[in-house]
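**Q** One letter stands for each residue in the lines below.
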Amino acid sequence: MTKAKTPIILMAEDDADDRLLAQDAFSECDFPNHLLFVEDGVELMNYLYRRDKYADPKQSPRPHLILLDLNMPRKDGREALAEIKADASLRRIPVVVLTTSKADEDVRRSYDLGVAGYITKPGSFEGLIEAIKMLGKYWLESVELPE
Amino acid sequence: MYHNAQPITILMAEDDADDRMLVKEAFAESHIANNILFVEDGVELLEYLRHQGKYKDTDLYPDPHLILLDLNMPRKDGREAIKEIKANPETRKTPVVILTTSTAEEDILRSYDIGAAGYITKPVTFEALVKVVRGIEEYWIQIVRLPFKDSKESRK
Numbered sequence: 000m001t002k003a004k005t006p007i008i009l010m011a012e013d014d015a016d017d018r019l020l021a022q023d024a025f026s027e028c029d030f031p032n033h034l035l036f037v038e039d040g041v042e043l044m045n046y047l048y049r050r051d052k053y054a055d056p057k058q059s060p061r062p063h064l065i066l067l068d069l070n071m072p073r074k075d076g077r078e079a080l081a082e083i084k085a086d087a088s089l090r091r092i093p094v095v096v097l098t099t100s101k102a103d104e105d106v107r108r109s110y111d112l113g114v115a116g117y118i119t120k121p122g123s124f125e126g127l128i129e130a131i132k133m134l135g136k137y138w139l140e141s142v143e144l145p146e
Numbered sequence: 000m001y002h003n004a005q006p007i008t009i010l011m012a013e014d015d016a017d018d019r020m021l022v023k024e025a026f027a028e029s030h031i032a033n034n035i036l037f038v039e040d041g042v043e044l045l046e047y048l049r050h051q052g053k054y055k056d057t058d059l060y061p062d063p064h065l066i067l068l069d070l071n072m073p074r075k076d077g078r079e080a081i082k083e084i085k086a087n088p089e090t091r092k093t094p095v096v097i098l099t100t101s102t103a104e105e106d107i108l109r110s111y112d113i114g115a116a117g118y119i120t121k122p123v124t125f126e127a128l129v130k131v132v133r134g135i136e137e138y139w140i141q142i143v144r145l146p147f148k149d150s151k152e153s154r155k
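Respectively, the protein sequence lines represent chains A and B.
Using numbering that gives the first Met the number 0, the letters of the first sequence map in sequence onto residues 0 to 146.
Using numbering that gives the first Met the number 0, the letters of the second sequence map in sequence onto residues 0 to 155.
The set of hints was computed from the structure by calculation and includes no laboratory data.
Mixed in with the good hints, there may be bad ones.
Cross-link-like lysine to aspartate or glutamate pairs, in silico, EDC-like; alpha carbons within 16 Å at most [claimed, not checked]: (1) A:K84 to B:D112; (2) B:K85 to A:D111; (3) B:K130 to B:E28; (4) B:K23 to B:E126; (5) A:K132 to A:D13; (6) B:K130 to A:D29; (7) A:K4 to B:E104; (8) B:K121 to A:E140; (9) B:K130 to A:E140; (10) B:K82 to B:D40; (11) A:K136 to A:E38; (12) A:K136 to A:D29; (13) B:K82 to A:D111; (14) B:K82 to B:D58; (15) A:K52 to A:D39; (16) B:K82 to B:E46; (17) B:K23 to B:E46; (18) A:K52 to A:E38; (19) A:K132 to A:D29.
Okay, the calculated beta carbon distance ranges per label pair [to be verified]: (20) B:A27 to A:E129: 22 to 32 Å; (21) B:P73 to A:A15: 49 to 59 Å; (22) B:L59 to A:E78: 21 to 31 Å; (23) B:A86 to A:S88: 14 to 24 Å; (24) B:S29 to A:A81: 13 to 23 Å; (25) A:Y48 to B:P6: 40 to 50 Å; (26) A:L19 to B:E79: 37 to 47 Å; (27) A:P72 to B:K75: 43 to 53 Å; (28) B:D58 to A:Q58: 48 to 58 Å; (29) B:E79 to A:A87: 12 to 22 Å; (30) A:Q22 to B:E28: 31 to 41 Å.
All C-beta atoms in this analysis are idealised placements derived from N, C-alpha and C, irrespective of residue type, glycine included.
Can you make the complete structure from the sequences, with help from the hints?
**A** Structural data, given as structure tokens:
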């Protein structure tokens with residue numbers, strides 16, 4: 000299989016605990032990966048458009064996969080998702096929603112905009128770590144990500 | 000860990016009879032409730048999704064929650080089929096995962112551009128295929144919340 004050597008995964012998540020858990024889960028993954036974080040939708044869009052502190056492509060490489068929280072301050076994930084999928088240069092990056100929201104409306108709208116999975120965060124830390132591990136395993140082991 | 004409460008219907012479009020059989024066997028090895036159905040090319044896939052012709056009966060041919068799509072098929076290929084699925088508001092919510100022998104960079108990029116929810120290169124051995132199918136199930140059935148047409152259905 001032709002795989003990106005070290006896929007870049009960008010996680011947009013405002014909760015520091017969840018960022019830490021994701022870091023733990025991905026560091027235990029059997030496949031090489033590089034997990035980076037932004038903390039809200041404004042930072043996410045600045046990162047993707049290489050604005051401000053994200054101007055250096057070496058420091059802020061284009062991600063192969065985006066993990067997106069829906070409820071974040073400043074610009075939420077719904078808005079960021081719509082912008083990503085409306086941009087011809089960004090839309091090919093798979094976006095997986097990882098959120099506490101169970102609302103059917105969020106599920107339907109996210110798929111309508113083109114997400115590659117919608118995951119409701121399990122309530123426990125262990126559950127969340129396991130879900131992120133399985134997510135990481137699927138995308139890093141089985142799937143060819145777009146360069 | 001939680002999973003979708005309803006049995007998940009997976010529809011695979013694949014023209015190769017051997018591959019259909021192998022995928023069916025790989026899914027049968029799983030302990031997760033699922034229902035895998037097959038169509039043999041893009042024309043059949045679109046007819047199925049529109050419940051046209053022999054696919055009128057929605058009990059026999061339920062709307063799929065996930066589509067596995069081969070790219071190289073006769074009559075209408077997967078590239079054409081995914082474009083039509085993603086252009087139609089009735090079908091665009093259903094995630095489409097490409098499962099193909101093609102490793103062409105152009106196919107990977109174009110598939111994601113059109114809205115594929117993953118691109119998997121078919122492994123050559125049955126053992127590796129079982130692993131891929133298990134990965135699809137763990138992700139799409141066990142951890143992902145799939146879109147359901149009837150809102151009551153998506154309750155867990």
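**Q** Okay, which hints does this one fail, numbers in order?
**A** 5, 11, 14, 17, 22 and 24
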